[in-house]
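So you can see what is in the structure, the chains are spelled out below.
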Amino acid sequence: MHHYSAGDTAWVLASAALVFFMVPGLAIFYGGMVRRKNVLAMLMQNFITIAVVSLLWVWVGYSLAFGPDWGGVGLLGTFHFAALSHIGQLVPGMAGQSVPQVAFVVFQMMFAIVTAALLTGSIADRARLGAFMVFIAAWSIIVYAPLAHWVFSPEGWLAKRGVEDFAGGSVVEVDSGLSGLAIALVIGRRRGWPRELMRPHNVPLSVLGAGILWFGWFGFNAGSALSAGRAGTAFVNTNTATAAALLAWAAVEKWRTGKPTTLGAVSGAVAGAVAITPACGFVNTVGATVIGLAAGALCALAVRLKFRLGVDESLDVLAVHGVGGYVGMLAVGFFGTAAAKGLNGLLYGGGASLLGHQALAVLVTTAWAFGATAAIGLAVHKLMGMRVSPEAEVAGLDISLHEESAYDLEALSIGGRARHGGE
Amino acid sequence: MHHYSAGDTAWVLASAALVFFMVPGLAIFYGGMVRRKNVLAMLMQNFITIAVVSLLWVWVGYSLAFGPDWGGVGLLGTFHFAALSHIGQLVPGMAGQSVPQVAFVVFQMMFAIVTAALLTGSIADRARLGAFMVFIAAWSIIVYAPLAHWVFSPEGWLAKRGVEDFAGGSVVEVDSGLSGLAIALVIGRRRGWPRELMRPHNVPLSVLGAGILWFGWFGFNAGSALSAGRAGTAFVNTNTATAAALLAWAAVEKWRTGKPTTLGAVSGAVAGAVAITPACGFVNTVGATVIGLAAGALCALAVRLKFRLGVDESLDVLAVHGVGGYVGMLAVGFFGTAAAKGLNGLLYGGGASLLGHQALAVLVTTAWAFGATAAIGLAVHKLMGMRVSPEAEVAGLDISLHEESAYDLEALSIGGRARHGGE
Amino acid sequence: MHHYSAGDTAWVLASAALVFFMVPGLAIFYGGMVRRKNVLAMLMQNFITIAVVSLLWVWVGYSLAFGPDWGGVGLLGTFHFAALSHIGQLVPGMAGQSVPQVAFVVFQMMFAIVTAALLTGSIADRARLGAFMVFIAAWSIIVYAPLAHWVFSPEGWLAKRGVEDFAGGSVVEVDSGLSGLAIALVIGRRRGWPRELMRPHNVPLSVLGAGILWFGWFGFNAGSALSAGRAGTAFVNTNTATAAALLAWAAVEKWRTGKPTTLGAVSGAVAGAVAITPACGFVNTVGATVIGLAAGALCALAVRLKFRLGVDESLDVLAVHGVGGYVGMLAVGFFGTAAAKGLNGLLYGGGASLLGHQALAVLVTTAWAFGATAAIGLAVHKLMGMRVSPEAEVAGLDISLHEESAYDLEALSIGGRARHGGE
Amino acid sequence: MRLVTAVIKPFRLQEVQDALHAVGVAGMTVSEVQGFGRQRGHTEVYRGAEYQVDFVPKVRVEVVCEDADADRVVEAIESAARTGKIGDGKIWVVPVEQLVRVRTGQRGSAAL
Amino acid sequence: MRLVTAVIKPFRLQEVQDALHAVGVAGMTVSEVQGFGRQRGHTEVYRGAEYQVDFVPKVRVEVVCEDADADRVVEAIESAARTGKIGDGKIWVVPVEQLVRVRTGQRGSAAL
Amino acid sequence: MRLVTAVIKPFRLQEVQDALHAVGVAGMTVSEVQGFGRQRGHTEVYRGAEYQVDFVPKVRVEVVCEDADADRVVEAIESAARTGKIGDGKIWVVPVEQLVRVRTGQRGSAAL
Ligand SMILES: Nc1ncnc2c1ncn2[C@@H]1O[C@H](COP(=O)(O)OP(=O)(O)O)[C@@H](O)[C@H]1O
Ligand SMILES: Nc1ncnc2c1ncn2[C@@H]1O[C@H](COP(=O)(O)OP(=O)(O)O)[C@@H](O)[C@H]1O
Ligand SMILES: Nc1ncnc2c1ncn2[C@@H]1O[C@H](COP(=O)(O)OP(=O)(O)O)[C@@H](O)[C@H]1O
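Residue numbers (the working numbering), protein chains in the order written: chain A, 1 to 423; chain B, 1 to 423; chain C, 1 to 423; chain D, 1 to 112; chain E, 1 to 112; chain F, 1 to 112.
Treat the hints as calculated values from the structure; they're not laboratory data. Each hint should be verified, as a subset may be incorrect.
What the hints assert, rightly or not - Chain D stretches covered by chain F per the calculated footprint, using a threshold of three residues with CB under 8 Å from any CB of chain F:
(1) 2-10
(2) 31-38
(3) 42-54
(4) 73-84
(5) 89-95
Unchecked claim - The calculated lysine-lysine pairs, modelled on DSS-like cross-linking and capped at a C-alpha distance of 30 Å, are:
(6) A:Lys382 with B:Lys259
(7) A:Lys259 with C:Lys382
(8) A:Lys382 with A:Lys160
(9) B:Lys254 with A:Lys382
(10) C:Lys382 with C:Lys160
(11) E:Lys85 with B:Lys259
(12) B:Lys160 with B:Lys382
(13) A:Lys254 with C:Lys160
(14) B:Lys382 with C:Lys341
(15) B:Lys382 with C:Lys160
(16) D:Lys85 with C:Lys382
(17) A:Lys160 with F:Lys85
Note that the structure is predicted; figures quoted are calculated from it, not measured. Ideal Cβ placement from N, Cα and C applies to all residues, glycine included.
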C-alpha cells in the first residue's frame, strides 16, 4: 500500500477548508459592492455556485479534469473517477503523492468552485437565477474542467509542454477574467450604467470579504504545494505580493485623484494575490515584491478601461483577475528561479523558453475562456433569457427574485403584517 | 510512552479551531435573523454559552463524558479527568489513538459548546440572561455530558450497542433540536408572534454566518475522524450533502412560492450539513447526495410546522437540526457501507440491524433531550423566571438587558450626551 | 540535511494563517467601535499596516529580530536573513527545530503585523494616512523588531535571562498597550472627546471581530508551541482563560451598572486571551482560570481610567492589552508550573526568581515601548503632522481622506450622479 | 384641505393604519423620526463610556384629507395610537392650499 | 411664502432635482419616507413566514418658495416625477409665515 | 399655534436642544434629512467610478408652539445653529390649526 503523510494531508485538508472559505468571502466582497437592493441575489448566486459545482465535481468534473487522459492527447480526462469511484487509487501521472486522492479531490473542488463564483461579479444585479444555474453548470463542465486538465493534470497538454502555473494563474485567474468579460458582453449593461449612482452599499462588508480572501489564499497557494514542507515559500510569497499590490494600487489612486480609497487598497490586495498565484512557488522575495507592485498598479489602471469600452463588466473580474493573471503568468517567465523550484526565467539566465510556455498558456486560456464562455452564454441566453425584466431590475433582485429584503435596520421595525406561515 | 502522530494532531487541533469558529458563525447566523432590537442579546447569549460551557467542560464536563465509566454500565464517566487531571493518559476505551488526549479534550469541548449554543435559537428575543446562564450550565452537565458519554465514549451504552454516529447526529443535532423544542415550550411565545412582522434584520449577516458554519463543519465532521488520513471521505461527503440540501431547499421554495430565498438556501445548507454529520464517514457519494437532498427537502417543509402547532420555536432548531438529525441518523441504517467504514446498511446488504441501532439512538436521544431539558427548564423558570418583562420585550433586549444599541448608522450620529466615564 | 516534521509544519502554517486572520478580525473589531464616518479609515489603517509590516518583515525586520545576534550582546539581529536570504538555514539558537525556517518567518511575521495593527485603536478617527504609514513603518523596525529579538530570539538578552513569554505577553501585549498610550498622547484627543456622543456604530461587526480574534488566538498561542504535539496545553489554556475573563468582565459590569454589555463581554474575552498569551504553555487549568478571571476584572476596571486621566486612548489598547499583558506576564511568576513546561512559579515552590524575571521583562517593555514610541511619534508629528484638519475630523475621515462612504443602506439609493470613470 | 401629522409610538402604527382605513383614508406617508419630550430616553454604556440618549424612536404619519374629514382623521389616529402611557405622541393639523396627484395631474379632492 | 412638499418615486429624484433647478429653485430638503396608497407593497418570505409589506419606499422633497413661484414649482415637480404608473405620488402646498436663513439671519425672500 | 421647522447642521443639534430648553420648549421631533443648496456635496470614488454626491446630511427639527412663542423659538434655534458657514440651514414657520396630545386627548395649548 502507498504510504501517505499525515502531516501533508492535514495541510491539504486545512487548505481545502481555507479555499472553501474564500467563496463566502468572495460573496460578501461582491455583496458589499452592489446596491442594497441586490445584495442577497449576489450572495445567492455565490452559494448556488458552491452547490452546483460541488455536485458536478464529485459526480463528473473531477474525473474529466484529473481522470486518466482520454487517448493520451492531453485534452480531457475519462469518467474513471466519476462519482468518486476508484478514488483509492493514485492521481494519474502525479509524482511523489503524499496525500490520499480524496484529499486532492476536495482541494481541487474548491478551485473549481471559486473560479466559477468569480463570474457572479461580471453580471451583478441583472441575471435570472435559473438561467444562471444552467450557465454556471455548463461552464464548469465545458470550460473549467478541460482547462484544469490541460494545465493542472500532469497528463494535460499544456502541463506536458512545461507551463508553470503553481496555483491557477491561467486556470483560475485569466480564465475567470476572460469568461467574465464574455458573459458580461452577452448579458449586457445594467439599466442606468454608467450614468446612475451605483455605489457600494456596504464597504466594510467588502473589506471583510477581502480579508477572508487573503486568509483563504494561503490555503489556495501554499496548499497547492501539496506538501507542508514545501508550502512555506508559496506562503510567504503570497503574502509579500499581496502586500506590495495593496500599496501599489493605493499609490496609483493617490496619484490619480489625490486620495487612496479603502476599496481600492483591498482590491489591490486581491490583484496581488491573483498575480502571485501562478508564481508563488517559483520565485523569491524580489520576484514576489515586483510581481505585487506591478499587479497592483496595472490592475488599478485597468479598472477604468470598462468605462472607455462601455462594457459593464460590473465588479472588475477582468481588470483584477484577468489582468492580474496575465501579470503573474508572464512574470514567471521573468522571475522564475530554479533556486525556488521549477525552471529559471529570463532574469535568472533561463532564456526565453519558459516565458514562451507561459505566453502560450495565457493565449490559449484567453481564447478558450472567452470563446467557449461566449458560446455557452449566448446559447443559454437564447434558450432561457439570462436577464430579469426591467421592472425587476429597478425594484432590485432581492425583492423580485427572492421575496426578501436584506436589511431591516429601523430602530423599531414597522410597516408589515404576517400571514401565518404562508398558508 | 505512547507514540502520537504530529500530522493527525495538527488536523485535530485545526479542526477544533474550525469548530470553535462555528459558534461566532452561529451567533451571527441567528443574530441576523432576529429583529434589530435583539441582535446583541443573541450574540451575548452565544458568547456567554462559549464561556460557561468552556469552563464547565475542563473542570468537570469532559470527565463526565469521556472519563472512565462509572460502574461499567455506560451511563456516565467519573471525575477522573476533572480539571484535566491525568490528562496525559489515553482516552478510555478508544482504539488507535494518535493524538494526545488534551487535543481530544479541546476538540470535544467545541462540540459541547456548539450544541448548547444552538438552543439560543429556540428562545430568541425573550430570555433573561441570568436565568439563561443557569439553564445552559445545568443543561450542559445534565443533558449533554451523559448523552456524549452514551454515544461518543467507547464505554457508553449506546456506543457499545453499535450505534454509528460519526460526528454527532444524535448527540449534537437531534439533541439540540428536541431540547430546543422543550425550552421553547417552557419559555412561551414571543409577544406578537405569529401576528407581527418579525423579519430578519440583517440577512447578509446570516448568510455570512452560514458560510462560517459550512467552513467550520469541515472541522466538525472531518475532524471527527481523529486522523488526517481517514478524514478525506468525511470531508467530501460533508460538502456533497450540504450542497445537495441547499439545492433541495431552494427547489421546495420554488415549488411552494415560486421564489427560492437566500435565507432558505443557506438554511438548506445547514440542514444538509446536519444530516450528513452522523453519516459522513460511513457513506459514499450516492449516500451523501441522497441524504443531502432528503434533508434539504424535509427540513424546508418542516419549518412551517411550528405555525401549525403554534409553538414559537423561534429560529427553527427543531426543523433544521432535529429533523436533519433524524434524517442523517436513520440514513446511516440505509446508506452505511462497509466500503467506506462501519457496517453495511439496508441498501448494502447489511440487513436491518444497523437501522435498528440507529432508530434506538434516535428514540433515546429524543426522549432524553426533550424530557430532561423540559425538567431543567421548568425548574429554572420556576425558581428564577426565564423571561423578561413585556416592556423589556417591546423595547428590545439590547437596550433593556444590555444598555447598548447595535447600530448607529446615521450619516452623522446625533441625539445623545456623554457622562464622563460613567462616574 | 535537517529533518522536519510535516505535521508540525502543517500546524505552524495553519497557525500562521489563523494569526493573519486576526488582523481583519481586529480591523472590524475596531471598525465597529468607531463612528460610522470613520470606519473605512480604521479598516484602511489596518490593511495598510498589514502591507507595510509584511514587506518590511521579509526585507529586514525578520532578520533584525531573529538573525544571528549582533555582537552576542542580545540586542539585535544582523541582516543575515534580509530579503529571506539564507532562509534554508536553521533559526539561530533555537533547540529542536521541526519546522523549516520559512514557516517560522511567516508565523512570526503575523505577530509583527498584529502588534502594529493594535496601535490603530489608540489613535482612532484622527490620524493622517501618510504620517501613520511612516510612523508604523518606523515603529515596526525600531520598537518591535528589537523587542522581539530580546524576548523571542533565543539569543536575546531577556530570553537568556530566563524570561518566560510563551506567545508575546511582553512583545505583543504590553508593547502595544504602552506604545498605544504614547502615540495617543502625541496625537492628542479627538475633537469633542469626552463630551460628545461617540458610540460604536456597528456592535455586531465588533462582536464578529472578537469572534475572529478568539479563533485566531488558537493559532497565536498554540502555534507558538511550534509543535503539534505540544500545542494542546496552550490551546486549552487559551480557551479557559478567555472564557473566564469574559465572565469576569461581565460580572464587573453587572456590579457597576447592573447590566452586563455585549461589547464588554467580548472585550473581556480579548483581555483574557491577552493575559494567557505569555502563560498558556506554562500553567495548568487552575492557573488559566485564575489568570482569566483576574484579567477580565482588572481590564474592565481599567477602561474607566482614561476618563480620569483625560487621555483619549480611544479604543483601550492600554486597558485591554497593556493591563492584560501585565497580568499575564506576572501571573507566570506565580502560576508557572514545571508540570506543564518551564520553571515553577511562586505558588508551585519555585520561589520568586521567575517572578523577578517576569517583572524585569515587564519593566523593560514598558519603558522601551513608551519611550521609543513617544520619540518616534513626536518626530513624525513634528515633521509631517499626524493629525487631520478639524474640518476633516468633523466631516469624518472616510469622506475626507478616502472619498468613500461606508454604507448606502437606503432602500433605494438616491442623491448622486456619476461622472464616467472619473475622466 | 388639511394635512394631519401624527407622531406616534412605532408599535401602534398598524392599529393607526387600520383605524385610518376604517374612516376611509386611502393613503398616507410614514417616516421614522426621533422624539424628545416628557418620555425619557435611556442610557447606553460602552466600555465605561456612559451616554444619555435623549431621543425616543417615533413614527410620523402624514395624511392629507378634506377639511371636513380632518376631525375624524385626528380622532381615528388618536384612539388607535393611545396607550395611556407617557410618550403616546402628538397630532397636529395644518392647512393645505393645494394637492396634486402626480400620476394624473388631478388637483384638490380628486387627487386624494 | 409657500412650502411645497412632494412624495415621489425615489428613482425620479434626479429628474425632479434638474427640473427644480430649471425653474430657479436653489435649495431643497429631501428625506426617505414610506408610502401607503393605491400602489401595492410586496410579499416577503423567510423560512415559511410570509409577510405582507404594505409600504413602498418614497422620497419626500420639500421646497420653500415665493408665493408666486409655487405653481411653477409644483408643475416642475409634477412633470419630472410623472411616470404614469400608480404610485407616482402627491404634491401638496402649505402656507409659510416666515423663513429664516440661519447663517445670516435673513428673513423672508432674502432667505431663499 | 405654530409649527417651526428647522433644517440644521447635525452637529449643532445638541446646542439647539439646549437653546430650546432654555426658552421653555418641552418637546420636539427630530429627523435625518438630506439637504441641497449652496453648500456643495462631495465626490466619492469606487474603483475609478466617480460619483458626485449632491446632498449634505442635515437634521430637521420640528417644534409646535404657541403663536406668541414662535419668534422666540425661531431665534433660539437660529442663534444655536449658526456657525456662520454656508449650509447652516433654514427655519420656516407654518400655522397650525389644531394640536392634540394622544395620551390624554388634550387639545391646543394644553397639549404642549
Ligand atoms: N412641542 C412639540 N413639537 C413637536 N413635537 C413634539 C412636541 N412635544 C412633543 N413632541 C413629540 O411628541 C412625542 C411625545 O411627547 P412626550 O412629551 O414624550 O409625551 P406625551 O405627548 O405623552 O406627553 C415626543 O417624543 C415628540 O416626538
Ligand atoms: N392622503 C394622503 N396623505 C399623504 N400621503 C399620501 C396620501 N395618499 C397617498 N399618499 C402618498 O402618495 C404615494 C402615492 O400614492 P398612491 O395612491 O400609491 O398612488 P397615486 O398617487 O399614483 O394614485 C403614497 O405612497 C403615499 O406616500
Ligand atoms: N428653498 C429651500 N427649501 C427647503 N429647504 C432648503 C431650501 N434652501 C435650502 N434648504 C435647506 O437648507 C440647507 C442649507 O442651505 P444652503 O443653501 O446650503 O446654505 P445657507 O442656508 O447657509 O445659504 C440645505 O441643505 C437644505 O436642506
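To see whether the hints hold, each was checked on the structure:
| no. | hint | verdict |
| --- | --- | --- |
| 1 | 2-10 | holds (count 4) |
| 2 | 31-38 | holds (count 8) |
| 3 | 42-54 | violated (count 1) |
| 4 | 73-84 | holds (count 7) |
| 5 | 89-95 | holds (count 7) |
| 6 | A:Lys382 with B:Lys259 | holds (23 Å) |
| 7 | A:Lys259 with C:Lys382 | holds (22 Å) |
| 8 | A:Lys382 with A:Lys160 | violated (38 Å) |
| 9 | B:Lys254 with A:Lys382 | holds (23 Å) |
| 10 | C:Lys382 with C:Lys160 | violated (38 Å) |
| 11 | E:Lys85 with B:Lys259 | holds (25 Å) |
| 12 | B:Lys160 with B:Lys382 | violated (38 Å) |
| 13 | A:Lys254 with C:Lys160 | violated (46 Å) |
| 14 | B:Lys382 with C:Lys341 | violated (47 Å) |
| 15 | B:Lys382 with C:Lys160 | violated (60 Å) |
| 16 | D:Lys85 with C:Lys382 | violated (58 Å) |
| 17 | A:Lys160 with F:Lys85 | violated (71 Å) |
Checked against the numbered hints given earlier, the structure breaks hints 3, 8, 10, 12, 13, 14, 15, 16 and 17 and satisfies all the rest.
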